[in-house]
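Asker: Residue numbers (numbering that gives the first Met the number 0), protein chains in the order written: chain D, 0 to 388; chain A, 0 to 388; chain Z, 0 to 388.
By construction, these hints were calculated from the structure, which means they are not laboratory data. Certain hints may be false.
Just so you know, same-sequence chains aren't split out, so a pair can sit in one copy or run between any two.
Quick list of in silico lysine to any residue cross-link-like pairs, SDA-like style, CA-CA up to 25 Å [stated by the list, open to error]:
no. : residue 1 : residue 2
1   : 128       : 173
2   : 331       : 388
3   : 364       : 290
4   : 4         : 80
5   : 128       : 172
6   : 128       : 325
7   : 128       : 104
8   : 331       : 265
9   : 203       : 223
10  : 331       : 257
11  : 203       : 15
12  : 128       : 103
13  : 128       : 54
14  : 203       : 251
15  : 203       : 222
16  : 4         : 43
17  : 203       : 237
18  : 203       : 89
19  : 203       : 153
20  : 128       : 379
21  : 364       : 74
Source: prediction; values computed, not measured.
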Amino acid sequence: MTRYKSWVLTDAVNDVWVDSFGVANDTLRLPTPHAWSVHKRTLRGGPRDGVDLVHVSSGALSYAILPTRGMGLWRGDFRGLPLGWQSPVVGPVHPKFVDPDDRGGLGWLHGFDEWLCRCGLASNGPPGKDGDTPLSLHGRVANIPAHHVEVRVSLDPPHEISVVGQVDEAALFFGHLLLTASYTTVPGSNRVVIHDVIENRSTKAAEFELLYHCNMGPPFLEGGARVVAPIREMSPQTPRAAEGIDTFDTYAAPTPNFAEQVYLYELLGDAAGQTLALLYNAVGDKGVCLRFGTRELPCFTVWKCTQTMEEGYVTGLEPATNFPNFKSFERKNGRVRTLPPGGRWEARWSIEVLDSTATVSAALKEVAALQAHARAVVHRSPQARFSPV
Amino acid sequence: MTRYKSWVLTDAVNDVWVDSFGVANDTLRLPTPHAWSVHKRTLRGGPRDGVDLVHVSSGALSYAILPTRGMGLWRGDFRGLPLGWQSPVVGPVHPKFVDPDDRGGLGWLHGFDEWLCRCGLASNGPPGKDGDTPLSLHGRVANIPAHHVEVRVSLDPPHEISVVGQVDEAALFFGHLLLTASYTTVPGSNRVVIHDVIENRSTKAAEFELLYHCNMGPPFLEGGARVVAPIREMSPQTPRAAEGIDTFDTYAAPTPNFAEQVYLYELLGDAAGQTLALLYNAVGDKGVCLRFGTRELPCFTVWKCTQTMEEGYVTGLEPATNFPNFKSFERKNGRVRTLPPGGRWEARWSIEVLDSTATVSAALKEVAALQAHARAVVHRSPQARFSPV
Amino acid sequence: MTRYKSWVLTDAVNDVWVDSFGVANDTLRLPTPHAWSVHKRTLRGGPRDGVDLVHVSSGALSYAILPTRGMGLWRGDFRGLPLGWQSPVVGPVHPKFVDPDDRGGLGWLHGFDEWLCRCGLASNGPPGKDGDTPLSLHGRVANIPAHHVEVRVSLDPPHEISVVGQVDEAALFFGHLLLTASYTTVPGSNRVVIHDVIENRSTKAAEFELLYHCNMGPPFLEGGARVVAPIREMSPQTPRAAEGIDTFDTYAAPTPNFAEQVYLYELLGDAAGQTLALLYNAVGDKGVCLRFGTRELPCFTVWKCTQTMEEGYVTGLEPATNFPNFKSFERKNGRVRTLPPGGRWEARWSIEVLDSTATVSAALKEVAALQAHARAVVHRSPQARFSPV
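Next comes chain D alone, as it looks inside the complex:
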């Protein structure tokens, strides 16, 4: 059993909330050479007023967690390399300034500037009417504050540093999905491990969809950057995406009037279902690698949005339970999950930042090794199983 120290930063039920908090290697005196730290503060002023931010540094990798925005990751940094992207929105934006029903269900975009944003829990994808139920873009969870937030530091090697938050997507007559999201790193690490559990706390079966919208800009994204993953089958989501099929795995430089392109992947995994996807820059010395299980997250989406920097030059690498189509289409294609009463879904996956040719090459070799098991099926036009055609 690992010994650890823990601090509760928010506990709505017991009326605990900490305005500011800090713990670091010099206070805990762990036998590690790394200057790790965890700091919590409340942002004030402007659109961010009232947003709780928990900043974690491994001593090499750092990231800012937003309990107020459904436990999203705002920004990160690895040895000076910025993780995230520049949205036209100066975030983080407090949910009180976001009305998801605005702009015909696209109001979610008013708060969208995160590095990692969860889309769910009852639904994600575009807005519309699912029977009588109006759905807004990418669901509710990113605009619900966590009601419980805790920091844990292990006293035993490798001294895991975790931040755990709980978010309720619940209302009378509308079920109760509980997300428990944790981010863990260790001193000196280049990796953050995301461990999410979704529980159906209701006594009725409940559908859910979860997509991790992991968004990267420069210096990882640039003209000539590439995204690679071991492909079982890939389909462009739309005719617009099909236009770019010849270059689906490379990126353009910032391009005025670029219209977004989305590619839907099923990936190959190892015997345990584990796979990876890699974004890396043109010369191949910087990369971001996502490792996840194809059993928990069978759908992988690449969002190419290589418009100008000012408009928001960005790509999304998106492991998910489903593709970001309208929920009724996903349901018809068997990609909406149902949790029985008390049921739970769980995924543990990670983001690694690579800052050398050697580490990028090693990840590419891993992709190649998995790809060796099957030939990639790359469709040149949208396939009915993947998206409405």
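Keeping the supplied structure of chain D fixed, place chains A and Z upon it in accordance with the hints.
Answerer: Structure of chains A and Z alone, referenced to chain D:
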């Protein structure tokens, strides 16, 4: 003239707001043996961030008032018996996280976990279009913060302890209804007296509807619990409610997939129009008694929502100016009130908590005495005068 | 180059936010006899909870700026004369309590009680569908908090006192308009100078509309008060406005059931395009004078809303880039501006408060002098070029 001390906790016009406040018998040294107290604090963190809570204890009965949620009562306690219910929502929820227009006008449910919640003021009932006016479920008032909050303690016996709050439902071109809501108890009491005044501050006539959504769960609600009141006439609201007509006054234990049932009552009152309604548990040693005037509150609704605990096992006892039908139906049936310019409506009513067989029996006798004046007309199917059939 | 001292009160990017701040002549010891001051505080409690307010006094004129409400002016005062009006809303209202989509797109009215409120930036005017884009009344900017606020005091005569704020109207896929709004006065002055810059920070062309909703009640507005301006052409907006054409430039006393009337003006300017509009009371010893350029602000609207005091007795004098018609109508009539990528629009205009017969007369003479250049064309019914007929 009663002498009293008073403290202003919020006064928007004069920019008064008190973050935390307390007064109790040991500070005022009133000659009463009861450990009464009033405390105000601001809740922080999660969905409750920024909610003002005023906690009043009579020394026996306690209740938490939510100025930020239109002066609702969040929870209460009487000698260890919890008053209220368990909603899937972990409340109280700040209105900034509630969009009434969400879910096609049902967004109010995202904030609904109170023991006592006012539904109004311009309308209550289901969402829809009243002519060109879109109405959302149960109106606005529960999501408007009070702009004036005051605590008053009488220095003379019986030492009334009051919290008074004012809430404006107002906008240019949309009138100005002012709710002045007060809660009063006395040291040692098992009773809270609600005194509400609604004023039309506009120079145009204004419609209003007010329903007190008083919600109870265990230990008052349980399998075999009963609701009784002196019935003049009662009609199930819907065919679904009619299905349960044989057991309309008793409650089921928590029941998976139970669909709500609503019963609409007109009650008998005494010569002054006073009546009562009682919810009590199976063995009859715990009860909650509502006393109100049939002239001010001629409509009484019982909401049976005996689904599982996790879904929200609850019943609502709802004295009101109207039945919770869509406003245009209520208008047609003469149950929407109109206040002339400067006009006011007023009601004083109370909630009592009973914790013995003797007190429950006494209340039952009161019901029987009123019922003796007329035979209860209990309809077995929805009646056109009560609800759309 | 003017020397000045400056203080940053809000800077979201650098996480600066000041809860309270003050600077005044006794702290800076400027060689001016006037007791000028600038104070910033955060309003707490009720619907104003969390609103930042910057109060500026020239020693004669004072005004309260609301960074949280898109840099609007809440209220003012000139030597005891109140500037602004009494809305049924007890403001200022925090945007978290305003849902612009409410009431079918009229929710903006829930927050409307300012002396000066900007309507824009992407659109103003009534709600509706502009193609696929739903627009709500008077746009977004009044409910977006400034992300940057700065106070500047010049150390050189005439010792300008400025408050500058920046507001982003931006979202991924929806462009990025940046408003930089400043208010400047000098010690002892009766004038505030508004200097606004709108920049298109996107790399796509962007439309914008801006209307300054400058609202006045008593003692400037009263029965027999007048509004004058050098008229090139004027058209009532609606048949209802046409009903009042014989008295279009005078005001009624508070009138029960008065339905609003709107008049659309094109004004005459001097050689540089400068013009003025004047509201003054019945005896002509109190007035408010707006001076602006017809090139930047070619449209001038007078909103007569002389209902009862309780309903909100008010008139709006509204210099603007467009008339407050639905955006598609304005576009068709060439009054929606388009900024190219990186383009900017700028206006410098002022509000002066007059408190003597002499100063009111002088302003009237200025109007007459400009009017002498051309005969006023006053239409008696709505004209197709001005509003939908």
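Asker: Each hint should be assessed against the structure and marked as holding or not.
Answerer: Right, here's what the structure says about each hint:
no.	hint	result
1	128 x 173	both (16 Å within a copy, 23 Å between copies)
2	331 x 388	within (14 Å within a copy, 36 Å between copies)
3	364 x 290	within (14 Å within a copy, 70 Å between copies)
4	4 x 80	neither (30 Å within a copy, 36 Å between copies)
5	128 x 172	both (18 Å within a copy, 22 Å between copies)
6	128 x 325	both (9 Å within a copy, 23 Å between copies)
7	128 x 104	both (10 Å within a copy, 14 Å between copies)
8	331 x 265	within (17 Å within a copy, 48 Å between copies)
9	203 x 223	between (49 Å within a copy, 24 Å between copies)
10	331 x 257	neither (31 Å within a copy, 28 Å between copies)
11	203 x 15	neither (31 Å within a copy, 46 Å between copies)
12	128 x 103	both (11 Å within a copy, 10 Å between copies)
13	128 x 54	neither (38 Å within a copy, 42 Å between copies)
14	203 x 251	between (47 Å within a copy, 18 Å between copies)
15	203 x 222	between (49 Å within a copy, 20 Å between copies)
16	4 x 43	between (29 Å within a copy, 24 Å between copies)
17	203 x 237	between (35 Å within a copy, 23 Å between copies)
18	203 x 89	between (40 Å within a copy, 18 Å between copies)
19	203 x 153	neither (37 Å within a copy, 50 Å between copies)
20	128 x 379	neither (30 Å within a copy, 36 Å between copies)
21	364 x 74	neither (28 Å within a copy, 60 Å between copies)
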